[in-house]
Amino acid sequence: MKRAGIMVMGAGLASLLGLAAPAPAAEFDLTRVSLLAAPDGEGTTRIAAELLARDLTALGGRPGAIVEDAANCAAMCVVIGTTASPIVQQLAAQGGVDLSPISGGWERYVRAGFRVAGRRYLLIVGSDARGAAYGVTDLSRALGVSPWEWWADVTPRRRERIVIDDAAFVSRAPSVKYRGIFLNDEDWGLEPWAAKTFDLEKGNIGPKTYQRVFELMWRLKANTLWPAMHSVSTPFFGDPGNAPLAKRYAIVIGSSHAEPMLRNNLREWDEGQRGGFDFTRRPQAILDYWRERVGETRGQEAIYTVGLRGLHDGPMQGVTTTAARRSILEDVVGRQRGLLADTLGRPATQVPQLYVAYHELQEAYDAGLTLPGDVTLMWTDDNYGYLRRLSTPEEQKRPGGAGVYYHLSYWGRPHDYLWLGTTHPALIREEMGRAWDTDARRIWVVNVGDIKPVEYLSQYFLDLAFDGKLLDEAPREHLRRFMAEQFGAAEAGAIADVMMRFYDLAWPRKPEFMGFGQTEWVTPNRPSGYVRSDGEEAQARIAAYQALAAQAEAIGTRIAKDRQDAFYELVLYPVRGAAGLNTRILSLDLAELYARDQRASANAYVAGAKAAHAGLVADTGRYNALAGGKWRGMMDMAPRRLPVFAEPMWPNWQSSTQSGCATRLWGAWIGDENVLTFTRGIPAARPVTLYQHQPQATAWAVSDMPAGLSLSQNKGELNARGGYEQRLTLRYDGKGAVGPVTLRCGDRPVVVHATALTPPNVEPGTAIEDERRVTMPALTASYGADWEAIPDLGSQHGALRAKLTLPSRGSAAQGTHATWRFATMTEAGATLHIVALPTHPRDPAHGLRAAVRLDDGDWQTVDFATTGRSDQWRQNVLTNTAIADIPLKSFPAGQHRVAIVPLDPGLILDRVELVLDGARPLYAPLASDSWPETAR
Numbered sequence: 001m002k003r004a005g006i007m008v009m010g011a012g013l014a015s016l017l018g019l020a021a022p023a024p025a026a027e028f029d030l031t032r033v034s035l036l037a038a039p040d041g042e043g044t045t046r047i048a049a050e051l052l053a054r055d056l057t058a059l060g061g062r063p064g065a066i067v068e069d070a071a072n073c074a075a076m077c078v079v080i081g082t083t084a085s086p087i088v089q090q091l092a093a094q095g096g097v098d099l100s101p102i103s104g105g106w107e108r109y110v111r112a113g114f115r116v117a118g119r120r121y122l123l124i125v126g127s128d129a130r131g132a133a134y135g136v137t138d139l140s141r142a143l144g145v146s147p148w149e150w151w152a153d154v155t156p157r158r159r160e161r162i163v164i165d166d167a168a169f170v171s172r173a174p175s176v177k178y179r180g181i182f183l184n185d186e187d188w189g190l191e192p193w194a195a196k197t198f199d200l201e202k203g204n205i206g207p208k209t210y211q212r213v214f215e216l217m218w219r220l221k222a223n224t225l226w227p228a229m230h231s232v233s234t235p236f237f238g239d240p241g242n243a244p245l246a247k248r249y250a251i252v253i254g255s256s257h258a259e260p261m262l263r264n265n266l267r268e269w270d271e272g273q274r275g276g277f278d279f280t281r282r283p284q285a286i287l288d289y290w291r292e293r294v295g296e297t298r299g300q301e302a303i304y305t306v307g308l309r310g311l312h313d314g315p316m317q318g319v320t321t322t323a324a325r326r327s328i329l330e331d332v333v334g335r336q337r338g339l340l341a342d343t344l345g346r347p348a349t350q351v352p353q354l355y356v357a358y359h360e361l362q363e364a365y366d367a368g369l370t371l372p373g374d375v376t377l378m379w380t381d382d383n384y385g386y387l388r389r390l391s392t393p394e395e396q397k398r399p400g401g402a403g404v405y406y407h408l409s410y411w412g413r414p415h416d417y418l419w420l421g422t423t424h425p426a427l428i429r430e431e432m433g434r435a436w437d438t439d440a441r442r443i444w445v446v447n448v449g450d451i452k453p454v455e456y457l458s459q460y461f462l463d464l465a466f467d468g469k470l471l472d473e474a475p476r477e478h479l480r481r482f483m484a485e486q487f488g489a490a491e492a493g494a495i496a497d498v499m500m501r502f503y504d505l506a507w508p509r510k511p512e513f514m515g516f517g518q519t520e521w522v523t524p525n526r527p528s529g530y531v532r533s534d535g536e537e538a539q540a541r542i543a544a545y546q547a548l549a550a551q552a553e554a555i556g557t558r559i560a561k562d563r564q565d566a567f568y569e570l571v572l573y574p575v576r577g578a579a580g581l582n583t584r585i586l587s588l589d590l591a592e593l594y595a596r597d598q599r600a601s602a603n604a605y606v607a608g609a610k611a612a613h614a615g616l617v618a619d620t621g622r623y624n625a626l627a628g629g630k631w632r633g634m635m636d637m638a639p640r641r642l643p644v645f646a647e648p649m650w651p652n653w654q655s656s657t658q659s660g661c662a663t664r665l666w667g668a669w670i671g672d673e674n675v676l677t678f679t680r681g682i683p684a685a686r687p688v689t690l691y692q693h694q695p696q697a698t699a700w701a702v703s704d705m706p707a708g709l710s711l712s713q714n715k716g717e718l719n720a721r722g723g724y725e726q727r728l729t730l731r732y733d734g735k736g737a738v739g740p741v742t743l744r745c746g747d748r749p750v751v752v753h754a755t756a757l758t759p760p761n762v763e764p765g766t767a768i769e770d771e772r773r774v775t776m777p778a779l780t781a782s783y784g785a786d787w788e789a790i791p792d793l794g795s796q797h798g799a800l801r802a803k804l805t806l807p808s809r810g811s812a813a814q815g816t817h818a819t820w821r822f823a824t825m826t827e828a829g830a831t832l833h834i835v836a837l838p839t840h841p842r843d844p845a846h847g848l849r850a851a852v853r854l855d856d857g858d859w860q861t862v863d864f865a866t867t868g869r870s871d872q873w874r875q876n877v878l879t880n881t882a883i884a885d886i887p888l889k890s891f892p893a894g895q896h897r898v899a900i901v902p903l904d905p906g907l908i909l910d911r912v913e914l915v916l917d918g919a920r921p922l923y924a925p926l927a928s929d930s931w932p933e934t935a936r
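Using the UniProt record's numbering, the letters of the sequence shown correspond one by one to residues 1 to 936.
Do not rely on the hints blindly, as some may be mistaken.
Claimed, not checked - Derived pair list, reagent style DMTMM-like, types lysine to aspartate or glutamate, alpha-carbon separation capped at 20 Å:
1. Lys247 <-> Glu296
2. Lys610 <-> Asp636
3. Lys247 <-> Glu301
4. Lys469 <-> Asp437
5. Lys715 <-> Asp704
6. Lys735 <-> Asp704
7. Lys177 <-> Asp342
8. Lys630 <-> Asp187
9. Lys469 <-> Asp439
10. Lys247 <-> Glu50
11. Lys803 <-> Asp439
Stated by the list, open to error - Cβ-Cβ distance ranges computed for the label pairs, FRET-style:
12. Glu477 <-> Ala117: 15 to 25 Å
13. Arg267 <-> Pro244: 13 to 23 Å
14. Thr729 <-> Gly810: 27 to 37 Å
Bear in mind the hints are in silico, worked out from the structure with no lab data behind them.
C-beta: ideal position from N, C-alpha, C; glycine also.
Can you make the complete structure from the sequences, with help from the hints?
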């Protein structure tokens, strides 16, 4: 199933995207053409022609006037219209272009070139108005105009000649019928930018802004909009210019779960004038309120959300139980359908309707709410990217079908993520693949916040919706093609690597979550979970982010001048922003930790945190000054002014009362010494930090080093430039002698104790204890038919999923297991952690269970399902994990195995960990290939 966008591409773009180019054909020169917009009643083809003329001009062309009669065409003429147009029908007949393949189709088009009576025509014919528009935007894209040419400043590049082949071809229908975006939580970006920079005449989000939104939607082949709806924004239907504009652009208008019947309750229901929004007390007033809007939207292509929530995005007023809510909803939906039929003059079964199963609306549905079969069930994620529900086999038979409402941006508990777009593409693919596999294909809508800075993720979601076949492709490949289209093929791979690493680093903790507090109610920042022991995990995270930022900056120096603004918006600002916030927060936490050690470096870490904050302020200012101030007011580095973003108080520590040098290590306590442990036969590295208590320059050098060990430096100086400390790497070659390393720091020796443990003889592929911990990535297991590998997903770059088609089972004997083999060298108490992703059960009748067995012990059942917004669910979505713990009072050294059998479908395993007593606490073990050199 090829996307229409793929089928229309010329040879250049097709090659760029790794696709087969169209068959060779005659060139059609678009440098000087006239454009014929076949009249369609709404003016949609005229808008499409104007867009194409603007694109051709940006490319260096000189298009002539837009005409409506073929007699007025120049020698080279592009004709844009639909199959319903008499002009199009006549020209197609004269040119021998067969339009029957798209007759009656949904958003399809034919493009073909031919010659008639001395003129050359390029015919772009849509099965409907959107089909014609997509034919135009696909042509522009094939010529090198990015969908983000305006919204991300990917400036079209001028050329002397603009040519396209005129081979005939037919696009195919989109995979998902309705594909849309939701402008939401616009208070800190889209609305202030529109009010103060772009839409000054309105002083708010108005038709000028929506025109740009609609154009972007055309270029991304989205057809449905849920307009901005917060109290700061003018309601969409409150501005008389918005709805007619949507009709001209052939945009389908819908509304969210909190806005039934296209009503914006936040601004349109004034309780002071209308009274309480309580259907149990004032049903007629609310029905009249809905009827007003339905009447206003007669003739508008719309999808009506049915059901009822509270006035301000909360549970409906007047009821407190799920049973009562279910009863009211059945009454409400029936009355809504009646007024739709009466007001629109056609049966309710012919009016597109959605029931958005969001929070308590899903609970009411699961409790037995009956909905008419033609109403589309719209499942939602849990606001953090995990679908709460999928269609059962019986629900898949409903004529109304199902869809998905998904978040790339969110305001709410347990914590907002409104600033940077960090949802991992692999998670989007996984969850939308689940929706696709369970036939939720009627409508997909994604919450894009302010559009910026979730540009790429928005396109990825919408591309998957348009072409379900892309679900079979690795996310990185799609990302590489996206970057090639914006910045050229030469740098695309390197940029894709940077951005995949960006998403990987945000996986265990989004930047917005790094304050370790929560919202609604807002709690203050807490010490980071990355600084729970010796600080090395925080150091590794800072180093990883700083290395990533340096890599992005280096690429930026090679990006052409006309793409510098685009690179900053799409790559550099997100990367530097995430790096800056992590560096500021973690550096302050390290400063406090190191102050307790009485290190002279504590204040240097405060200075580093200050510099990181200043960098965030400067970077945000630069963003808002891009393109001559075009985006002034769009980027806010502190949405909702939450504690995580606030400039902290900057502590200052007095000099230590101690003197001399020291190290702080987390090893195994052997006797009275803290000893770094290695494993014989396995090369490895450990971080070692040498520091001075006093802020005075001190020379140091290695005085004794065992043959099997080496240090990244053999001598140096602790000085002000390095914060009076030096971070080093102690390496073991896997074979030589291991013992204490003696450093001479100033006039005193500093000893780093080390030893090597002897592992048992094991089979290849067996995981071996390292620093009292064994981490077994999901994909290192041997597994049977119940499991399937999901590449790129999770903390270890790959996860193991119990197939969605499995039945729920009562025992492990009914399934096939995944098995990991491992060996330990330490006898101690331990905990076995089964680490899954916080997915939800396929349907509410079952949990998300697995049976676990260690060695030849008994099978134990664990369940990863959570309820509502429980504390456990909150912890799960903040960490992207769901963890089941099996405590082991005493665990012997030797060879072991752990087996897991899925008892419910859809469970996703990330890793299995055995943590022996005394192991260094870790917030999130990184994949083995993810640690920066300074932490190895």
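Here is how each hint holds up against the structure:
1. Lys247 <-> Glu296: Holds: Lys247 and Glu296 sit about 13 Å apart, inside 20 Å.
2. Lys610 <-> Asp636: holds, 19 Å
3. Lys247 <-> Glu301: Given that 20 Å is the threshold and the Cα spacing comes to 7 Å, the pair holds.
4. Lys469 <-> Asp437: Answer holds: Lys469 to Asp437 is near 12 Å, not above 20 Å.
5. Lys715 <-> Asp704: Holds - the C-alpha atoms of Asp704 and Lys715 are around 12 Å apart, at most 20 Å.
6. Lys735 <-> Asp704: holds, 18 Å
7. Lys177 <-> Asp342: Judged against 20 Å, a Cα distance of about 26 Å means the pair is violated.
8. Lys630 <-> Asp187: Given pair Lys630, Asp187 holds - Cα atoms ~18 Å apart, limit 20 Å.
9. Lys469 <-> Asp439: The hint holds at about 14 Å.
10. Lys247 <-> Glu50: OK: Lys247 and Glu50 at ~16 Å, within 20 Å.
11. Lys803 <-> Asp439: This hinted pair holds, its Cα atoms lying about 16 Å apart.
12. Glu477 <-> Ala117: 15 to 25 Å: violated, 46 Å
13. Arg267 <-> Pro244: 13 to 23 Å: holds, 20 Å
14. Thr729 <-> Gly810: 27 to 37 Å: violated, 51 Å
When held up to the earlier numbered hints, the structure conflicts with 7, 12, 14 and fits the remainder.
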